[in-house]
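Using the sequences provided together with the hints, build the complete structure.
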Amino acid sequence: DAGVTQSPTHLIKTRGQQVTLRCSPKSGHDTVSWYQQALGQGPQFIFQYYEEEERQRGNFPDRFSGHQFPNYSSELNVNALLLGDSALYLCASSLWLPNTGELFFGEGSRLTVL
Amino acid sequence: AQSVTQLGSHVSVSEGALVLLRCNYSSSVPPYLFWYVQYPNQGLQLLLKYTTGATLVKGINGFEAEFKKSETSFHLTKPSAHMSDAAEYFCAVSFSGYALNFGKGTSLLVTP
Chain Y
780 DAGVTQSPTH LIKTRGQQVT LRCSPKSGHD TVSWYQQALG QGPQFIFQYY
830 EEEERQRGNF PDRFSGHQFP NYSSELNVNA LLLGDSALYL CASSLWLPNT
880 GELFFGEGSR LTVL
Chain P
283 AQSVTQLGSH VSVSEGALVL LRCNYSSSVP PYLFWYVQYP NQGLQLLLKY
333 TTGATLVKGI NGFEAEFKKS ETSFHLTKPS AHMSDAAEYF CAVSFSGYAL
383 NFGKGTSLLV TP
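Note that the protein sequences, when read in sequence, are chains Y and P. First residue of the first sequence? That's 780 in my numbering, and the numbers climb one at a time after it. First residue of the second sequence? That's 283 in my numbering, and the numbers climb one at a time after it.
A few of these clues could be false.
[Stated by the list, open to error] Short derived list, chain P residues pointing at chain Y, Cβ under 8 Å:
1) V311
2) P312
3) F316
4) A369
5) Y380
6) G385
I should point out that these hints are in silico values taken from the structure, not numbers from a laboratory. What you are looking at is a predicted structure, and each value in this text was computed from that prediction instead of being measured. Built from N, CA and C at the ideal position, the CB exists for glycine as well.
Listed below in structure tokens is the structure:
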């Protein structure tokens with residue numbers, strides 16, 4: 780049973796560029812959430828997708844956008860990259876119902892912005 | 283708004299000693315509370331959670347936590363530390379169960 784898989788694992792971009800990160804949820808899960816973890820900090824909630832719609836959003840600018848596909852996989856897009864966007868981006872999957880609050884995390888995509 | 287405060291960014295214990303990692307939360311409604319562990323270069327793994335019911339919650343790897351509403355705390359304990367427990371530990375709170383607010387984390391060092 781494959782867990783949550785993310786790609787790429789590492790990438791380097793320059794300021795102003797755009798990036799797309801991908802996530803496949805754990806088998807049987809229908810909900811995907813994205814978190815940003817800066818160095819030495821806890822993860823911060825970006826947004827959550829269910830039934831191909833953004834259901835909740837944290838305090839992140841519109842430069843951060845996402846998508847969920849019919850097979851429940853998801854993408855995180857970040858436009859106009861800033862140095863401060865350098866972080867580990869974590870994807871987490873879960874079930875919408877029943878809502879147990881338990882998230883299964885991938886190993887993350889580490890983004891470095893130069 | 284819900285938030286958590288983890289007291290102590292670094293905790294060091296000897297192998298075999300008691301592990302105590304502190305977490306206090308603020309929430310205007312009954313919270314869901316979680317402890318996650320993160321090993322180097324890995325994602326987060328759920329240790330245990332409190333949603334409703336029994337306030338003493340047992341998790342994986344011998345960890346447990348007690349929800350104390352009067353103290354707004356959810357401290358994580360383990361009677362005897364093992365070298366393999368060295369990792370980063372995160373407390374998290376949610377009122378919906380869907381979006382989690384994480385603390386800044388506590389790095390646990392276990393010495394021989």
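Each hint, compared with the structure:
1. V311: Result: violated, 14 Å to nearest chain Y Cβ.
2. P312: 12 Å, violated
3. F316: OK, holds: F316/P within 8 Å of chain Y, min 7 Å.
4. A369: 14 Å, violated
5. Y380: Nearest chain Y Cβ about 6 Å off; hint holds.
6. G385: Since the shortest Cβ distance to chain Y is 5 Å, the answer is holds.
Violated hints for the displayed structure, listed by number in ascending order: 1, 2, 4.
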